[in-house]
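S.K.: Counting with full-length UniProt numbering, you get residues 1 to 337 for the letters of the sequence shown.
These are computed hints drawn from the structure, not numbers from a lab.
Keep in mind that a hint or two might mislead.
[Claimed, not checked] The calculated label-pair distances, taken between Cβ atoms and stated as ranges, are:
#1 D246 to V24: 21 to 31 Å
#2 V186 to H13: 47 to 57 Å
#3 G23 to I132: 32 to 42 Å
#4 W18 to P154: 50 to 60 Å
#5 V34 to N272: 50 to 60 Å
#6 G124 to P170: 48 to 58 Å
#7 I29 to A141: 17 to 27 Å
In this text the structure is predicted, and so the values were computed from the model without any measurement.
Glycine is no exception: its CB is placed at the ideal position from the N, C-alpha and C atoms.
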Amino acid sequence: MALFPVVGRKQPHLRIAWWAIVGVLCLGIFLHLVPFYFMIITSLKDGFETVSTPPTLWPQHPTLSAWKLMVNFVSTGLYQSPDQNFAVYFWNSIFIAGMTLLISTPVTAFAAYACSKLLRGPVGRWLFLFFIGTMMIPAVATLVPTFLLVNHFPYPVTYVPELPSGDQYPYISLFDTPWSIILPAVFNAIGFLYFKSFFDTLPDSVINAARVDGGSEFNIFRRIVLPMSIPVFAVVMSMQFNAIWDSYLFPSLTLQSYDKLTMTVAIYRLINAFTQAGATSSSAALSQAHEAARLAQEGYTWNGIMVLSILQSIPVFLVFLISFRYLLSGIRVRGLK
């Protein structure tokens with residue numbers, strides 16, 4: 001159903017409201033596209049035009065030099081081996097995001113299905129409140145406990161307790177491994193809320209009929225619930241992917257080896273390399289990061305960073321294109337209900 005009936009759109013006050021909504025939406029689209037526009041044109045400028053004043057709205061001499069330099073860029077200040085490049089960091093981000101989705105999505109969906117269709121009464125209600133209550137805790141407040149947990153898994157303590165024999169309890173250190181990012185993100189509270197809200201709308205009669213026919217809970221979920229839940233799965237997976245792909249703070253704390261960094265951490269370290277190269281003398285900068293200093297002196301700073309930002313945003317855009325059809329279908333289903 002349309003926001004304004006077609007018959008009533010000819011009325012003056014409805015026409016004004018209609019065009020006001022259209023204007024606000026167009027303004028929002030413009031404000032969202034302007035940063036992407038400047039990011040693209042900056043990547044096509046040379047180093048000196050990037051920092052020119054006043055800034056140009058279109059490259060005077062478009063060039064792909066920043067793209068060639070940044071894609072093949074190997075900095076001694078960022079890498080321990082000349083064989084490493086940003087393809088390694090790109091793959092690290094893909095692996096962490098993919099494994100997180102592969103583990104987190106079924107765990108969250110099963111927990112939501114259990115609270116919605118299996119656990120009735122106060123048990124399911126208190127479990128639901130417990131899961132949702134985790135959303136009220138700021139993420140920054142959980143950094144230290146989570147760091148201790150991945151450092152001495154499964155003990156979130158600074159020192160692992162000892163056995164009566166004097167030996168420490170067995171533990172696994174996930175520090176400086178991709179699993180230090182994957183395991184803390186296994187349960188997604190926001191995804192649980194989406195799944196639980198959707199599963200509550202599914203009729204119990206369909207599930208009870210499958211139970212009467214002898215179907216197990218897993219088969220009921222796999223053959224009946226899952227096909228009807230594809231839109232909400234698309235929403236949760238796209239949100240989870242974007243959150244993991246763009247995360248910086250916790251990966252910067254737990255990932256220290258150069259060959260295990262993600263794209264966000266690598267880009268930030270590159271910005272620091274450029275800043276140090278521009279802020280110190282030429283000899284000091286060259287001693288710390290030869291390639292970063294050379295590129296900073298030639299002006300390849302912000303245009304190169306914009307290249308890396310574009311490369312990092314491509315997977316997010318692809319995920320949106322893949323899930324776009326399912327997102328729209330989910331909106332239609334919720335609207336009809």
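S.K.: Taking the hints in turn, state whether each one holds.
M.R.: To see whether the hints hold, each was checked on the structure:
{"no.": "1", "hint": "D246 to V24: 21 to 31 Å", "result": "holds, 27 Å"}
{"no.": "2", "hint": "V186 to H13: 47 to 57 Å", "result": "holds, 52 Å"}
{"no.": "3", "hint": "G23 to I132: 32 to 42 Å", "result": "holds, 37 Å"}
{"no.": "4", "hint": "W18 to P154: 50 to 60 Å", "result": "holds, 58 Å"}
{"no.": "5", "hint": "V34 to N272: 50 to 60 Å", "result": "violated, 27 Å"}
{"no.": "6", "hint": "G124 to P170: 48 to 58 Å", "result": "violated, 35 Å"}
{"no.": "7", "hint": "I29 to A141: 17 to 27 Å", "result": "violated, 36 Å"}
Of the numbered hints given earlier, the model fails hints 5, 6, 7; all others are met.
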